[in-house]
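Based on the sequences and whatever the hints tell you, model everything.
Chains as they are written, first to last, in my numbering: chain U, 1341 to 1400; chain W, 13 to 228; chain R, 104 to 293.
Because the hints were derived from the structure by calculation, they are not lab data. Quick reminder that beta carbons are idealized off the backbone N, C-alpha and C, glycines included. Keep in mind that a hint or two might mislead.
Said to hold, decoys possible - Okay, derived cross-link-like pairs now, DSS-like style, lysine-lysine, Cα gap no bigger than 27 Å in a straight line:
1. R:Lys195 <-> W:Lys211
2. U:Lys1342 <-> W:Lys102
3. W:Lys210 <-> W:Lys28
4. W:Lys140 <-> W:Lys28
What the hints assert, rightly or not - Calculated from the model, a selection of chain R residues having no Cβ within reach of chain U, i.e. all distances over 10 Å:
5. Thr122
6. Phe230
7. Ile244
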Amino acid sequence: MKFLIAFGFILLIVVLFITTYVLNNRTEKPDIDIDIEGCGGCHNINCGHHPTHLTNKEAK
Amino acid sequence: MKTNSLFNIFTTGIFKENPIFVLFLGMCPALGVTTSVTNAIGMGVGVIFVLLMSNVIISLIRNIVMEEIRIPVFIVIIASLVTLLEMFMKAYTLDLYNSMKVFIPLITVNCIILGRAEAFASKNGPVKSAVDGVGMGIGFMIGLLAISFFRELLGTGAIMGVQIIPVAFTIPIFTTAVGAFLTLGVLTGVMMVYQNYKKDNKEKLEKAQEAKSEVA
Amino acid sequence: MDLYVIFMGAALVNNIILTQFLGICPFLGVSKKSDQAIGMGAAVTFVIFIASVLAYCIYSFILVPFEIEYMQTIAFILVIASLVQFVEMVLKKYSPALYKSLGVFLPLITTNCAVLGTANNVITKEFDLIQTMIYSLGISIGFTLVMYIFSTIRERLEQAPVSRSFNGNPIALITAAIMALAFFGLGGLV
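In structure tokens, the structure reads:
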């Protein structure tokens, strides 16, 4: 019983995360100048300006 | 040819793209866990395990998962693996677990694991990904060992219980935060010296060859 | 008095960067300009505060009653990540100005040891709700303070004659070591 609740809870938040992630990805970035050179963390995969995310959008 | 390429993948993680000294990923454990060599080995082995398993699993499912939800799926997989590791360590290596209690859940957000999953495992087969994972993990562990070796030796004089420098000659500040930053900074600097030396030599060689071909 | 000790301890004595070693990646990566440092600090403050409160709630109301504490890591990281995605989405849609100054740093904070570390600390130290809020505010103010100081030092460092190999991260780390030494002296505050 407890295991079922645990499983259900984890499933719930995984679905929540995937939903928010997809919604966020599909929201357009506002058209503003962002200093990519100065952005020290942009090589990090999670940064919205990482090349991986850009190519995905361009492919669409 | 295949063995050559696998070997290349393996050594890239150790030297050319060493996670700590070249890519500057995974800094948090590099400073926090390196107070003793035992802790460094424990963390290193843990990260190798998680890297290996996550690379293999992600490489196996790379064709099934939708492009858009890749990152969330990776995070879920890595978090589950870290929970497994935590439970294993709590059960079988309690002393080690207690001395690095804070940093074990933080393996989940270690940039190395997610970074390798995205950059390598999602584009290559399981065997190559496994080799890459182990290579990166060993590179990480070597970095941790280097830092913890100096910190423990200069800070307490003993390595894993074997007293090498008498206690009166130790510099206790190396076991604190200050020593951590200092050691990492100096070691990174030394690594850069070596890399710049190699780069300069390579450029000299190329220039010499150019000059030769011009003369000829 | 107790809250004062928690706040000062979190901000200065057990500073998250210089003592607990969490949040080093943004510390080295985003600290080259002072206005970026402030933006990062603001984003971190926001995320850590909400994430800690959420972590407390999830732990007390879901994990403990159903005896699934072992799910802590997974639950926390997923909730923190969803929170950040949600906030970024809201910023993108309703406030481009705010997005420009701190929205860019939000994804970096998801996989940041500082947030997950603070959430775990709140649970380990067994704070109640008010203490959690004060603690997380202290941690994030300490983070912002150190980031700002460090970025101003780094701006000066750019123009200093550092040897080629030690330029960039190595000299930054050695500077951080000196800062950590300075912060030792604040131990007497509590």
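Non-conforming hints, listed in increasing numerical order: As far as the earlier hints go, only 1 is violated by this structure.
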